[in-house]
Structure formats: C-alpha cells, structure tokens
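Using the sequences and the accompanying hints, generate a full structural model.
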Amino acid sequence: MRTVYYVTALLVVLTISIGGFRGRRSTQPPIEVFPDMNRQAKYKPQAGSKFFADGRADRPLAAGVVPRGRTIAPDPDFLRADNFLYRGQTTSGEFARDFPPELALDEKFMQHGQERYTIYCAPCHGALGDGQGITKSYGMVTTASYHDDRIRKMPEGEIFNTITNGKNTMSPYADKLSPEDRWAVIAYVRALERARQGAVSDVPADHKADLGL
Amino acid sequence: MSHVFSKRSNSLPLQLVLYLFVLGGTVTAAVTYYCTPKYLRVGYAPVQPVPYDHSLHAGQLGLDCRYCHSNVDQSGFANLPTSQTCMNCHKLVKPQSPLLAVVRASFESGAPVPWVQVHKAPDYVYFNHAIHVNRGVSCVECHGRIDQMTVVTHAKSLSMKFCLDCHRAPAQFLRAPQDLYHLAASTLAEQGRTADAARFIQQAKIKPPQSCSGCHR
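Top line first, the protein sequences correspond to chains A and B. Under our numbering, think of the first position of the first sequence as 15, with each following residue one higher. Under our numbering, think of the first position of the second sequence as 8, with each following residue one higher.
No wet-lab data here; the hints were simulated from the structure. Keep in mind that the hints are not guaranteed to be accurate.
In silico DSSO-like cross-links for lysine-lysine, where the CA-CA straight-line distance does not exceed 30 Å [as the list claims (entries may be wrong)]:
hint	chain 1	residue 1	chain 2	residue 2
1	A	Lys150	B	Lys98
2	B	Lys101	A	Lys56
3	A	Lys58	B	Lys214
4	B	Lys214	A	Lys167
5	B	Lys214	B	Lys127
6	A	Lys150	B	Lys101
7	B	Lys212	A	Lys122
Simulated coverage check for chain A against chain B, where a stretch passes if three residues somewhere in it have a Cβ under 8 Å from a Cβ of chain B [claimed, not checked]:
hint	segment
8	20 to 34
9	37 to 48
10	54 to 65
11	144 to 156
Simulated restraints, written as ranges between beta carbons of each label pair [claimed, not checked]:
hint	chain 1	residue 1	chain 2	residue 2	range
12	B	Ser82	A	Asp50	23 to 29 Å
13	A	Asn97	B	Arg206	41 to 47 Å
14	B	Val123	A	Ile32	32 to 38 Å
15	B	Ser193	A	Asp112	51 to 57 Å
Ideal placement from N, C-alpha and C gives every residue a C-beta, glycine not left out.
Encoded structure:
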C-alpha cells in the first residue's frame with residue numbers, strides 16, 4: 015500500500031512539474047475543457063468567414079448605401095439630405111459658417127465635444143489646440159495650430175469637412191466621430207480659440223478673486 | 008492448513024477505502040486548480056502579427072483606449088482599429104519600420120491585419136461593452152493593466168463567477184465616469200466614496216441581472 019501512496023505522490027509532483035502554477039504565460043490558445051457550445055456556427059463582428067472570398071464575415075458596403083442610425087425607430091433624416099448638418103455646406107455648396115440650427119449649443123454639447131476632442135484630436139493637436147500634442151516629439155511635426163488666423167477665420171463647415179475627409183497629413187475621422195460628434199468638437203475648438211484670445215477684462219468681476227486678479 | 012492470505016490483508020479493504028478518499032481529494036484539487044479559467048485562460052499572451060505595444064501607446068503616450076477601440080462606448084462590440092487608425096500617425100512616425108510592414112500592407116490592400124483575439128467569451132455569452140463602460144465598469148476591471156503590458160496578456164479569469172461577483176455587488180467595482188479609461192484609477196469604493204457609488208447606482212439605474220437570460224440567450 016505504501017508503494018501506491020508513493021506512486022500517487024510522484025504523480026502529483028509530475029502534474030505540478032508539467033502543469034505549473036496559475037497565471038503562467040502561454041502563447042497557446044486556452045484549452046476549453048467543456049467546449050459544448052462555446053464556438054457556434056455564427057458570424058461575430060470583425061470575425062473570419064470561410065464562405066466569402068476575402069475571408070471576412072463583415073461585408074463591405076455597397077456603393078451609395080446610407081446608415082440607418084442606431085435606433086430601431088425610423089429616422090426621417092436617414093438619407094442625410096441635410097447639407098449643413100452632414101456636410102457643413104450651405105445649399106449653394108459653400109462652406110457654412112456657424113452651427114446647424116438643430117443642434118443645441120449648451121454645456122452638455124460642449125462637454126461632449128471636449129471629451130471627443132481629448133480622445134481623438136488632442137494626441138496631435140494638443141490639449142490647448144496649439145498643435146503641440148504628444149505625437150509632435152515622435153515625428154508628427156506638421157500639425158496645425160487652431161490659433162492661427164487661417165483656422166480662426168475658417169468657416170465651421172470647412173473644419174467639419176477637414177474632420178470628415180482629412181487634409182494633407184491628417185486622415186479622415188468620419189469613422190470615429192459621428193456628424194454630431196464633429197460639430198461638438200468644432201464647438202470645443204472654437205472655445206479653445208476664444209480662451210487663447212481671452213483678456214483680463216473677459217473675466218466676470220465676481221470671479222476675478224478666484225484667479226488672483 | 009497454511010495461511011493463504013497474510014494477516015495484514017485483513018485491513019486491506021479499509022486501506023483501500025482510505026486511499027480512494029485520498030485519491031478523490033487529490034483529483035478534485037487538481038481539477039479545481041487546473042481545469043478552471045484561472046489556470047486555463049490567465050496568462051494567455053498570443054504572438055500578434057504586429058508587436059503592438061500597449062504600454063507605449065496607452066501608457067507612455069497616454070492615448071485614450073477609445074482612440075483605437077472607438078466603438079467601445081457606443082456598441083456592444085469593442086472593435087479593433089482599422090489599419091488607417093495606425094496610419095493616422097505611422098504615415099509620419101516610423102514610416103519605414105519593418106515591424107509595421109503588415110499594417111502598411113493592410114492599409115494599401117484593404118485586407119485586415121490578422122490580429123489574434125485574446126479575450127474570448129463563449130458564443131453563448133452576450134456581453135455588451137457599451138452597457139458596461141457607460142455604467143461605470145472600467146476596462147481595467149476585466150482586462151487588467153493593459154497600459155502596462157508590452158504584450159497583451161489575459162489577466163483576469165473572466166469565468167462566470169467573475170461576472171457574478173460584480174453583478175451581485177456592483178457598488179464595489181464601479182469607477183467615476185472620468186476614471187473609466189484611466190486604468191490606474193481606483194474604484195469609488197476604494198476611494199472611500201461609497202455614498203457616491205450608491206448614488207450612481209440609483210441615478211444610472213444599475214441593476215445587473217443575475218438571471219440566466221441576462222447574459223445567455
């Protein structure tokens with residue numbers, strides 16, 4: 015009987031030697047002990063497909079399709095006919111000034127713009143909009159500053175167009191920012207520009223003490 | 008008549024039963040230790056086609072998680088970035104690097120970069136990223152300190168118990184909205200702001216389901 019215990023102990027030592035401990039790094043895919051229905055015959059986003067020639071389950075869009083939005087309810091504006099809201103242009107095709115009237119320019123909108131700006135724009139354009147983002151020291155040296163007269167005087171619609179389609183070394187950001195996001199970002203950019211131009215006389219009298227003025 | 012069996016064999020049945028208990032205990036311990044996600048999944052760090060370094064991009068440069076995983080707060084699925092997202096910077100930053108050859112090829116041809124998925128829930132689990140991050144569950148809660156990882160490694164077990172621990176007591180795991188994508192931030196509970204966590208749960212109507220159909224459909 016003693017031998018049996020010895021063999022068992024040996025097996026335990028062997029298992030630990032081979033199996034190691036929890037958290038061990040491995041490049042091999044995890045073993046699924048009870049695979050059951052873990053992997054089903056269905057397509058998930060960005061997954062592969064053996065059916066389509068390009069090997070992708072996600073299908074490229076056919077020419078001319080428009081997104082229906084994220085709501086199930088029918089969206090009356092789904093054709094994106096509004097030139098101002100979706101392209102930043104006036105009816106005559108020029109870049110529009112100011113913001114589309116259907117957007118409420120309130121604090122919530124501005125905060126949303128700040129959040130999106132910080133995620134997508136600040137890495138290159140910098141938190142202050144001066145083109146001194148973190149990527150500058152890594153080789154992105156041509157980033158524009160919003161405080162140049164050229165951009166301060168640029169119609170909002172033209173900035174919208176730049177975000178949508180990119181310009182020079184800047185790639186398009188239409189896949190990351192929805193049209194509403196883009197307008198919110200532009201509102202925040204305008205706020206950054208205004209802040210840079212600020213003077214002591216802009217500070218309300220009851221807040222001067224807070225800033226030590 | 009001589010003895011066929013030695014006297015010792017009288018205790019054999021008892022010894023056998025005893026041994027079976029020892030064996031059963033050992034096997035149970037081994038299965039519990041080795042056949043659960045804490046052993047099987049944690050530590051999985053596949054070799055990726057591009058040696059993308061999260062500790063550089065998310066840690067050192069401070070890029071927001073959403074710069075690349077841009078749909079995570081709007082969609083159930085946390086997307087991998089398009090190769091254009093990489094090229095936004097790498098057109099100018101290290102444009103000739105051989106490590107980025109796969110990305111450049113993908114950008115030119117339109118064929119996707121064959122990233123290897125690290126965190127893979129079973130297909131019968133309907134996990135929704137947007138619902139979680141928009142209600143105070145930070146990336147770090149399930150993915151660990153990605154901003155410190157050179158190679159993305161499966162850090163948490165993501166077992167069903169792991170999900171239920173939070174679904175049963177969300178107040179301990181929630182973070183403030185501005186801390187969600189700052190992986191070093193601690194939870195509201197860790198900051199001692201339990202009242203804030205309770206108010207957040209009430210305001211955001213956080214009622215994590217514990218029924219089967221909450222996650223399995």
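In ascending order, which of the hints set out earlier in this document are inconsistent with the structure? When the structure is compared with the hints, numbers 2, 4, 14 and 15 turn out to be violated.
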